[in-house]
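J.: My request is simple: use the sequences and hints to build the entire structure.
Number of protein chains: 4
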Amino acid sequence: MLHVGIIGASGYTGVELARILAGHPEIRLTAATSRQYAGKALAEVFPNLRKRVDIVCENLSVEELLDRADFFFAAVPHKTAMDIVPRLLDAGKKVVDLSADYRLHDAATYEAWYQPHSSPHLLAEAVYGLPELYRDRIRTARLTANPGCYPTSVILALAPLLRHGLIDPATLIIDSKSGTSGAGRAASVGTLFCEVTDGFKPYKVGGSHRHIPEIEQELSLAAGQPVTVSFTPHLLPISRGILSTIYATLTEQGRDADLHALYESTYDAEPFVRVLPAGTPPATQHVRGSNCCDLALQKDSRTGRLIVMSAIDNIVKGASGQAVQNMNLMNGFPETTGLLGAPFFP
Amino acid sequence: MLHVGIIGASGYTGVELARILAGHPEIRLTAATSRQYAGKALAEVFPNLRKRVDIVCENLSVEELLDRADFFFAAVPHKTAMDIVPRLLDAGKKVVDLSADYRLHDAATYEAWYQPHSSPHLLAEAVYGLPELYRDRIRTARLTANPGCYPTSVILALAPLLRHGLIDPATLIIDSKSGTSGAGRAASVGTLFCEVTDGFKPYKVGGSHRHIPEIEQELSLAAGQPVTVSFTPHLLPISRGILSTIYATLTEQGRDADLHALYESTYDAEPFVRVLPAGTPPATQHVRGSNCCDLALQKDSRTGRLIVMSAIDNIVKGASGQAVQNMNLMNGFPETTGLLGAPFFP
Amino acid sequence: MLHVGIIGASGYTGVELARILAGHPEIRLTAATSRQYAGKALAEVFPNLRKRVDIVCENLSVEELLDRADFFFAAVPHKTAMDIVPRLLDAGKKVVDLSADYRLHDAATYEAWYQPHSSPHLLAEAVYGLPELYRDRIRTARLTANPGCYPTSVILALAPLLRHGLIDPATLIIDSKSGTSGAGRAASVGTLFCEVTDGFKPYKVGGSHRHIPEIEQELSLAAGQPVTVSFTPHLLPISRGILSTIYATLTEQGRDADLHALYESTYDAEPFVRVLPAGTPPATQHVRGSNCCDLALQKDSRTGRLIVMSAIDNIVKGASGQAVQNMNLMNGFPETTGLLGAPFFP
Amino acid sequence: MLHVGIIGASGYTGVELARILAGHPEIRLTAATSRQYAGKALAEVFPNLRKRVDIVCENLSVEELLDRADFFFAAVPHKTAMDIVPRLLDAGKKVVDLSADYRLHDAATYEAWYQPHSSPHLLAEAVYGLPELYRDRIRTARLTANPGCYPTSVILALAPLLRHGLIDPATLIIDSKSGTSGAGRAASVGTLFCEVTDGFKPYKVGGSHRHIPEIEQELSLAAGQPVTVSFTPHLLPISRGILSTIYATLTEQGRDADLHALYESTYDAEPFVRVLPAGTPPATQHVRGSNCCDLALQKDSRTGRLIVMSAIDNIVKGASGQAVQNMNLMNGFPETTGLLGAPFFP
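Chains as they are written, first to last, in UniProt numbering: chain D, 1 to 346; chain W, 1 to 346; chain U, 1 to 346; chain H, 1 to 346.
Simulated from the structure, these hints should not be mistaken for lab results. A couple of the hints might just be wrong.
[Claimed, not checked] Only pairs whose alpha carbons sit at most 25 Å apart, straight line, appear in this in silico DMTMM-like list of lysine to aspartate or glutamate: (1) W/K40 <-> W/E63; (2) D/K204 <-> H/D168; (3) D/K94 <-> D/E132; (4) H/K40 <-> U/D268; (5) D/K204 <-> H/D258; (6) D/K51 <-> W/D268; (7) D/K79 <-> D/D90; (8) U/K51 <-> H/E270; (9) D/K40 <-> D/E58; (10) U/K299 <-> U/D268; (11) H/K51 <-> U/D136; (12) D/K51 <-> W/E270; (13) D/K204 <-> U/E44; (14) D/K51 <-> W/E264; (15) H/K94 <-> H/D54; (16) U/K40 <-> H/E264; (17) D/K299 <-> W/E44; (18) U/K204 <-> W/D258; (19) U/K79 <-> U/E44; (20) H/K94 <-> H/E335; (21) W/K51 <-> D/E26; (22) U/K204 <-> W/D300; (23) U/K299 <-> H/E44; (24) W/K93 <-> W/E44.
T.: This is the structure in structure tokens:
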């Protein structure tokens, strides 16, 4: 029985980690930290967890944490994560970090988009935690950098095309839409119910969202050449779900290829990636509450472009579910343990 | 491995049965009927089930069904159910019927609210499938009548009070609010997105909803005297969830009693009933996607009344989850098998 | 052209006042105060107002306000209102106060539910601003206390019955449901989109909501005897709208009366009250964005009770629209000026 | 007083026409047709209209209609419209047709995307009813073809850029998202509340939506050369609103130009087009219920692309509001009559 701690349990990724782990037969949740709710049962903060999760939030130092668990999820904001993660590793613990702090391999890129990095030596070691791409390396990792929600939806959608030279990497336009849980649980006027409901809008338009370098890193690796993308996120009046609609000009090879067959063969054995039949677009409501990523492709013969569509639940495959998938790999558990629940619809 | 069939798999209770059963280790889904979608994979009708449920919908006669499974969920409308259920029982099958056809013990009451009953002899045998009240009888039942969604939320909320004479049964006012999935999946202008969203309204006001006789039957049994209730259902702009707010005048005994302690002791050992701390009202978003029923009580000293509040997910504890709970009991499986997933929040 | 100021323009009642006043031909908006947004155009705070409202928010003292307008809407929280209103009146201004500070006639009641009152002498003078009940007195008022949103929905629903002794005032149970805009625009975890959407819950259960004394004051006046009510508010996942479902036991006189005819005759000439045909319940989506109050009645012969249903838009008839209706009366404008827009549906 | 008829009053564009016209001082609604609801008051079909609109739906032949009004809105599906419109014109009536039947100037294009056209001679005469582009021609038109909802959002967003050669017309990618009212009021499983809420998905992907030829016609005219676009519509879980996010590669001239200033000068005098300040993206909730179109531009220096964003209320500026704007122009009324209401938020 692996003893597991959640650092930063009182956000939406924290409660989702606790929900998933409550159904995981191989682990025991032995620590959950929260400064704000220290002393309160996590199920008091999130009443959905009553009678299912009995852990109490604590305000624990890193030193105190070391005695409490062998494996940690760091579900704290970037910058806070890099204050904690190296000390956990030094003490021999394994970590899935859900922040952005160890996702970028290049310290200069990190510093250009975020701030100075205090443990750049770990960037080379950290494995980018997208199991469909890096499964083997995750198995032996001490530190897995859990991907961002938008990047997960985009990289799974595009990697096979770029690897095979089927689209022109200079033409990538990514129009992504995310549910509001992606904005977190901090009190803020902009995410009040009345501001979001019955509405829709873009934000961080024009190449400023911090998921861009992460997307470009992984797409460049897949393409074998530097890739720059247009990326526009939007805020959906739903809790959970990301849908990315991606446009790319097909190469000559791509125009002739059976792309659907390529995707089916690429992802056939993947338990969490589902390639939809031709003509069936994905929908966030069909992945809700699950670790699934649904993909579809559609050629547009009028323009020579390909449209790739991708749907995930941003707090499951886009965060906590993928984190548990990585934990499973890092500890030799079957990869799908605790994660096979079908999406709930309606 | 129990072979299980779902009769009427293409409605919202059908897809939810399939979702829950996909995670049930003791059964195998071997039949799923649908006239409309015969020949289509159920996962084509409900894409959330892809890679998790591989059954194909069929238009099967009762005779054909007999070879296909040993246990059946009848998820068809009332009247249709009573055409099928007796023949399944005659062939030695066990059945959970999700319709209203076998919930009422009294044929005359059934006929007053519905239509003539074609198998009234089974009304005495059928067990009302509320495990928290009738667990032992369900264990040995051939036919369990799965409760209605509103009645589940109401009966669990009131039975302890009525059993102990703590409220005046002549004063019961039940104001219930249901998510739109309760209206089913038939195409209809009244349940179009644009008609329901950003809105709220009562319906079947004034004592005409067919769940009334079911509520009154069970409350009368608990009270040991005939009970008549005011019941008003409302339509909520949410998919899943029922919240019932119930008003009753306390008896003298009730005014003095520690009602919270009574509820805690009554439901402490129940895996799916959660009594909330004083001052914490239930919320549908905290039971979403789960088999839980959350209860809270609040005395109003200004009026001498008690307010009892109850929240369930109408398609889980109010339908398909409770049906699986009953299946578990009827087959000697641990009662919670496949049902312990915590609610999804947010 | 009446010069009008909005004190507290940056909340949801403030923006709605500005929206309504933008279409009012008899007034000019000459002041809009906001501490937080001083110096910003109101249309920058609320982009819906662009090209329609060009006023800039200012942080103005009461003294500065006196030169800026002749008529004021006080859209600030209770307690803040009573610091401002007397000084406006002393300077000869007329005021509609949207807070609770002048709604209760009895200072002791106010102090029991709120805090000490600093201008209790004005309680006798202030007119309760429900035009359908107090139209003539509002016409000559200096200070109109704009009713609360819940009380508006309840009092219009019950006053005719109580006046005529048709229901037993000891049996009133009011189950009200409100859209989230009623909670205001302050940043708060409890009203974040993800906490409210796809959910429903009661709050302030058991006789603790501060609208209770206001409801009881007006119902007592209508009944000619003290009335105590059970009142339970709930939070709806919609922006705008209140629906109150009210239960009362009919008196013998009430059981025999044609209540629908009574309501039709009572409200026939009212431009904003609409009595629905028998069997048609009101719906918040049918009053959205308008100053209408929709009413319906349904007897329940099984229980001898009456169910009265009432729907309003909480920020129009429940706040800013009613405030403008009062302003019209207080200034001799046609009562409906600026307010006749039909509700938006869908 | 112009006598006006609505042909096809019982859909969502019909009820919105009736709502807007109820506040229009220059017209009188004298006919409203509906086969399904003939004999019912329109306010019975749409209870929001009670006490504001008193017309009764009738099933009228074209001949009967001729005596009833001088001006008509044809709010019927394409193909049905071209059966009616020529006969109205022949009788000397003026018409705004809200269907697609007279939007395309080229009969062959119409027939390629729709079906054979029965009155192709009118295609040359019909004016494309986007007042910001064709105001003068609309003033003298007998037949105005009211633009589609998506095209309205797109053409207002792109016309100035294309006219001035600031973007490369071969690079246009239009990612549009629409509220569900755009799908109409016909009963259908796909637009049931439970299928749409808390979800999001693309549809008609890959160049198959019928608004494409209309968009391309107008963009080609603006560009002075044939334009082909990628266009992907999506379904939003909101009632009203379209947001289009449009990507284009800037020409050298475009990279250097002050595009914001161009837009401000282009649209400054337009009462319904609002150019947002740099860095402020539009939001559907800020145009809700109004005839406004909000526009914003953002250069992406990393990619050399421009992102243009456009928000409208699809049933106002995207349908009924624009139709009334056209009626105003065609009859010499001030263009904004009945349409100046500010958007309602929240």
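J.: All hints are to be evaluated individually against the structure, with a verdict given for each.
T.: Right, here's what the structure says about each hint:
The straight-line distance between the Cα atoms of W/K40 and W/E63 is roughly 21 Å, inside the 25 Å bound, and the hint therefore holds. The suggested pairing of D/K204 with H/D168 holds, with an alpha-carbon distance near 24 Å, which does not exceed 25 Å. Of the pairs offered as hints, the one joining D/K94 and D/E132 holds, with about 20 Å between alpha carbons and a cut-off of 25 Å not exceeded. In summary, the hint linking H/K40 to U/D268 is supported, as the alpha carbons are separated by about 20 Å, within the 25 Å threshold.
With a C-alpha separation of about 20 Å, the suggested pairing of D/K204 with H/D258 holds against the 25 Å cut-off. Distance restraint check for D/K51 and W/D268: the Cα-Cα separation of roughly 10 Å lies within the 25 Å cut-off, and the hinted pair is therefore satisfied. A threshold of 25 Å between alpha carbons decides the hint, and for D/K79 with D/D90 the separation of about 18 Å falls inside it, so the pair holds. Under the criterion of a C-alpha separation no larger than 25 Å, the hint pairing U/K51 with H/E270 is consistent with the structure, at around 10 Å.
Between D/K40 and D/E58, the direct Cα distance comes to roughly 8 Å. Compliance with the 25 Å bound is thereby established for this hinted pair. With a C-alpha separation of about 21 Å, the suggested pair U/K299 and U/D268 falls inside the 25 Å cut-off, and the hint holds. A C-alpha spacing of about 23 Å is found between H/K51 and U/D136, which places the hinted pair at or below 25 Å, so the restraint holds. Simply put, D/K51 and W/E270 have alpha-carbon atoms about 10 Å apart, close enough for the 25 Å limit, and the pair holds.
A threshold of 25 Å between alpha carbons decides the hint, and for D/K204 with U/E44 the separation of about 18 Å falls inside it, so the pair holds. A distance of roughly 13 Å separates the Cα atoms of D/K51 and W/E264; the hinted pair therefore holds under the 25 Å criterion. For the hint linking H/K94 to H/D54, the alpha-carbon distance of about 24 Å falls within 25 Å, and the restraint holds. Using a Cα cut-off of 25 Å, the hinted pair U/K40 and H/E264 holds, with the two alpha carbons roughly 20 Å apart.
The hinted pair formed by D/K299 and W/E44 meets the criterion: a straight-line CA distance of about 22 Å does not exceed 25 Å. Simply put, U/K204 and W/D258 have alpha-carbon atoms about 20 Å apart, close enough for the 25 Å limit, and the pair holds. Using a Cα cut-off of 25 Å, the hinted pair U/K79 and U/E44 is violated, with the two alpha carbons roughly 28 Å apart. A distance of roughly 17 Å separates the Cα atoms of H/K94 and H/E335; the hinted pair therefore holds under the 25 Å criterion.
For the proposed pair W/K51 and D/E26, the alpha carbon gap of about 24 Å is at most 25 Å, so the pair holds. A threshold of 25 Å between alpha carbons decides the hint, and for U/K204 with W/D300 the separation of about 11 Å falls inside it, so the pair holds. Between U/K299 and H/E44 the CA atoms are separated by roughly 22 Å; this keeps the pair inside 25 Å, and the hint holds. The straight-line distance between the Cα atoms of W/K93 and W/E44 is roughly 29 Å, outside the 25 Å bound, and the hint therefore fails.
Violated hints for the displayed structure, listed by number in ascending order: 19, 24.
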